[in-house]
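106 is the number of the first residue of the sequence shown in my numbering; add one for each residue after it.
Certain hints may be false.
Unchecked claim - Calculated lysine-lysine pairs in the DSS-like style (CA-CA distance at most 25 Å, straight line):
#1 LYS164 / LYS210
#2 LYS154 / LYS166
#3 LYS193 / LYS164
#4 LYS210 / LYS166
#5 LYS166 / LYS108
#6 LYS166 / LYS193
#7 LYS154 / LYS164
#8 LYS210 / LYS198
#9 LYS198 / LYS166
#10 LYS210 / LYS193
What the hints assert, rightly or not - If you anchor each label on the Cβ, the simulated ranges turn out as follows:
#11 LEU125 / PHE177: 32 to 38 Å
#12 LEU135 / THR196: 31 to 37 Å
#13 ASP120 / LYS198: 33 to 39 Å
Keep in mind the hints are simulated off the structure, nothing from the lab.
We put the CB at the ideal spot given by N, CA and C, even for glycine.
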Amino acid sequence: AMKTAGARVIVTEIDPICALQALMEGLQVLTLEDVVSEADIFVTTTGNKDIIMVDHMTKMKNNAIVCNIGHFDNEIDMLGLETYPGVKRITIKPQTDRWVFPETKTGIIVLAEGRLMNLGCATGHPSFVMSCSFTN
106 AMKTAGARVI VTEIDPICAL QALMEGLQVL TLEDVVSEAD IFVTTTGNKD
156 IIMVDHMTKM KNNAIVCNIG HFDNEIDMLG LETYPGVKRI TIKPQTDRWV
206 FPETKTGIIV LAEGRLMNLG CATGHPSFVM SCSFTN
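Construct the entire structure; sequences and hints are all you get.
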């Protein structure tokens, strides 16, 4: 969806079959370490544990967005972020927090506290829209 909207999408995939599938879809494939300091948005979708660690987050661009739409809420190292020495959490709005690192004074934006974004950040549909949807 982001590529269709004109975004440059880079897939960081360690599984060679999944990486090949991404290449065949016309996407660029690199390692997370190669793009961590350049990307604007990080979306985990793996269902695996410890994909984005606090060490990665400290190297990200100022105001990079980090979120998860994988199967579980353990893809982003939130415990490591919460216990990082001197880190400051600023709540922008519900389910949107900016974490500022003391050394650089730069920060990242984490959506849904690292949990599933489609559940944590969804505002749902008004009841009127739902009733219209189900009338047919």
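Unsatisfied constraints (hint numbers, rising):
As far as the earlier hints go, only 11 is violated by this structure.
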